[in-house]
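Add chain G to chain Z, keeping to what the hints say.
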Amino acid sequence: MRRLVVLLAISGAACTSSAFAATLGIASWHLWTGSQTLTKSSCTLTGTSVTTDTYADEAHAGDNSSANTMKVAPGAGSQQWTFVRFDLSSCNIPSTGGADTATLSLRITNAPSTDRTLTVTPVLSTWTGASLANFSGATSLTYGSATTTFTTGTSNNVTKSFPVTIDVDALIKSSTANYGWRITDGGSGTATTTIGSANNATAANRPQLQISYEN
Amino acid sequence: MTVLAKLLGLGLAVAAISAAWAAAASLPFGSNKLSSGSAAVTACTGLSSLSATRSVNNAGNVTQVSVGTIPAACAGETLSITLVGSGNASLGSSSGTVPAGGGAMSFSSFGATVAATSLLGYRFAVVGA
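Residue numbers (this note's numbering), protein chains in the order written: chain Z, 1 to 215; chain G, 1 to 129.
You can trust all of the hints, since none of them are fake.
Some chain Z residues judged to face chain G by a derived CB distance under 10 Å, without partners named: (1) 30; (2) 31; (3) 33; (4) 98; (5) 100; (6) 163; (7) 164; (8) 213.
Just so you know, these hints were derived from the structure itself, not from any lab.
Ideal placement from N, C-alpha and C gives every residue a C-beta, glycine not left out.
Only chain Z is shown next, with the shape it has when bound in the complex (with noise of 0.2 Å):
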């Protein structure tokens, strides 16, 4: 019986303090949750229908976008530069997505006969294989920071590939800006590299750009 009493004194307790809680104003809180969901696709670009590209030459003035292959050499008065770009709209990619990963992939057919440090650039105003006839067309040009570098290696018909994705996400969200890249050689002497074109016969030798991507 004494226990009974107890507990009840207890229980009138505790429906009390639970109905002070009650008068709070919790309601008057807002809270909204919500997700979103992420759409992982990939897309492979090669060839001449969606690369343009071609190679600067200072030494020798001349349009050289129908080439086979393209060049890269150091040295003031014979620099070559090459610059590569992908038409991106065949991928489908919306401005709301962006790039996880984004792989460019070149063939170099003749290495040069020691190691080289290639520079990528992101290039920021437009060009065409006419505008580059004259080096001056390529100096001209207003360019990123380097996004990447990478070593030729000395073996002929090796494929070296590099991320360029920070420039791919830029260019994704920005469709007007896709001017593509830069290829140079900032080191000394005369060593030139070749890098196979988007018209070279053989497929494996072409510039490649492959994406990884969100929408």
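Coordinates of chain G only, in the frame set by chain Z:
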């Protein structure tokens, strides 16, 4: 003994009331008026969905996530975002206060490095008064 038991019961009751009172007083919304326990918790006006876009570095890691189109009515509330990977696992999270006027918010620190390839979605929560 009977008197002792009653006193003990009364003491416990007073203690329980005091504890409840103290707990309620410690809540941050102390002087707000009553809403019943069954009332629905609503979102800030105009908030029905959110979407995010992210930026990456050249290694493919997420550097920034931007959440757009947050209604002005959510200003001052806390937006939390969780980056979700496979199996609905959290890859990282961040939160911030919705600025006056709403609009967009950007987050650049998630407590961990998040590879964009692993990122499969986002979870959002907006909480506030």
